[in-house]
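Trainee: The primary structure of each chain is shown beneath.
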Amino acid sequence: MKATLKGLFFVLFPLFLGVLSLSIGRFEVDFTVQVQILLSQFLDIEQTWTDMEEAAVIQLRLPRVILAILIGGGLSIAGAAFQGMFANPLVSPDILGVSAGAGFGAALGILLFGHGFSTQIIALITGMLAIGITFLVGGFKKEMPIFMMVLAGVVTSALFQAFISLIKFVADPEEKLPSITYWLMGSLGTASYYDIMIGAPFIIIGMVILLVLRWRINILSLSEEEAKSLGISVAKTRWLVIFAATIITASAVSIAGIIGWVGLIIPHIARMLVGNNNRFVLPVSISIGGSYLLIIDNLARTLTAAEIPLSILTAIVGAPFFAYLLMRTGGGWK
Amino acid sequence: MKLEVRDGNFYYGKKKKKTKPSFLYQNPINLELCEGEILSVLGPNGAGKTTFLKCLIGLKDWKQGETRIEGQSINDYSARELWKLVGYVPQASKMAFSYSVLEMVTMGRAMYIRSYSQPSTKDEAAAMEALKSIGIAHLAHQSCNSISGGELQLALIARTLVADPKLLILDEPESHLDIQKQKVILQTIKRLVKEQNITCIINTHYPNHAFYFGDQVMMVSKKQPVIVGKTEEIMTEENMEKYFNIHVKKVETEMEDRTFTSMIPHYLSEAK
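Chains as they are written, first to last, in numbering that gives the first Met the number 0: chain A, 0 to 333; chain B, 0 to 271.
Just chain A, with the same shape it has in the complex:
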């Protein structure tokens, strides 16, 4: 009973925050009006509000809120899954190079076509390509230990970071360069239903795969031979986890740019709340991560007249918190 209540809380909390967020913004919409507008999408309610208010809530804020929850939750569950699988609390979802890869694709897309559908697709493809290279370098031999994958990911990231720098170097400094730079710092400023249509299916599929495998991730965190001797097919399960985390991160980056820290920090908070069992850590990470990025995004669009890039805020909040965690635990997570 207590567990069910807890579960219900974690499901409802981000939804509640989401509804609340719709009335937050520089253009004021009263909360009760906002709820009416929201309900009118499903029910027949007489319109007592202006079209402008409806447009702000439904066309601008709603897709943004949905994407913030999806991307925050997605990055967090991907981070939790990787931390579990690599048995390393310092791993984040972009450890295998997917963010740098997708970031390069997006920069290239902006340079060639500007923002839009083709840029997102290119980002998705180069994100996958980066993971492919990491696999090739770090996993080509069957007996290679798992940390080789992490090292290969570091190498791949460095390579794609260099490509990103190259594109920035050749980009037109008046127009393209600021656009690329701004985008690489992460933003949901351009969120639309279009983004949801392209990105959400990948993120949701990735989440479902990880949720299905969440208990097995406990077993993957043991030594490879131990995991094998418990009768699970280690290679296949690992591959599935990497695949799921990769499609989540690549589509998150392709929609909203590179958002750091969320996938690293949130799993730690989840573990503080529910213990180390990934059966609970993974779903709770979605809930907290979604809520966290939503709050950060609300701050990003309301703190100043211009939007603040998300990575700046996530780092300002995340880095001190992580430093606190390090000092408190001495680096050893019990």
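FYI, nobody ran anything at the bench for these hints, they're computed from the structure. Do not take every clue at face value.
Derived CB-CB ranges, DEER-like [said to hold, decoys possible]:
#: 1; chain 1: B; residue 1: Gln63; chain 2: A; residue 2: Phe116; range: 57 to 65 Å
#: 2; chain 1: A; residue 1: Phe116; chain 2: B; residue 2: Asn74; range: 44 to 52 Å
#: 3; chain 1: B; residue 1: Lys248; chain 2: A; residue 2: Leu324; range: 56 to 64 Å
Since this is a predicted model, take the numbers as computed values, not measurements. Ideal Cβ placement from N, Cα and C applies to all residues, glycine included.
Given chain A, put chain B in place with the hints provided.
Mentor: Positioned in the frame of chain A, the structure of chain B alone reads:
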């Protein structure tokens, strides 16, 4: 369950085309164990005891020969079938993320749980049962990193028991433990093996533990051929000198109307 090794041998790295590979063991390993029997594996550090265990159950592949369970090569078993029969207890070590003892033991049910589902209350009940049979039910909700090395070793044994194994493989389960905890581990293993008629192979550094388990002993060393046989035939003063390069005296003691054999290293007499 009957366990056999036929002509097993191993070497590291790839086979070079022309040169003969340098095998880890001087001669191919052959042995046969029946249910309820314990084989103790003795040998100096680096002689290949752990490698033998890993090859035996397919965690490493024999480069030559094979392991047979009930007369059938383990390569013919599916992974799931094999690991339902075999329980492997690695050396206990601390982990990055520590789970509760109950969570850890529940992982032993993995081969019975479908890939896309989570452990049920039935699986947790089985884990609790295994903890009871080992006598550490009171530790169920403690963190694995907070209990002692001996208790963790017992928990790892419990983790194999939840899957009801017919073959139990233990890699130096009593190492790093004080003498009282060694006693608990040894007694628990022997009791389980005899009660449940399990076939058991155990790596150990202690000659006296091989006497305690009885049945069969295998000795490995880099410079000597592998020998397997009845404990009293293998555990001789001559073999200890050949395989461990140490002089020992085999002594028999009477305790409670029974005769016990043990070995005393000669260097002890030098201390004065």
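Trainee: Confirm or reject each hint.
Mentor: Hint by hint, here is what the structure shows:
no., hint, verdict
1, Gln63(B) - Phe116(A): 57 to 65 Å, "holds, 58 Å"
2, Phe116(A) - Asn74(B): 44 to 52 Å, "holds, 51 Å"
3, Lys248(B) - Leu324(A): 56 to 64 Å, "holds, 57 Å"
Of the numbered hints listed earlier, not one is contradicted by the structure.
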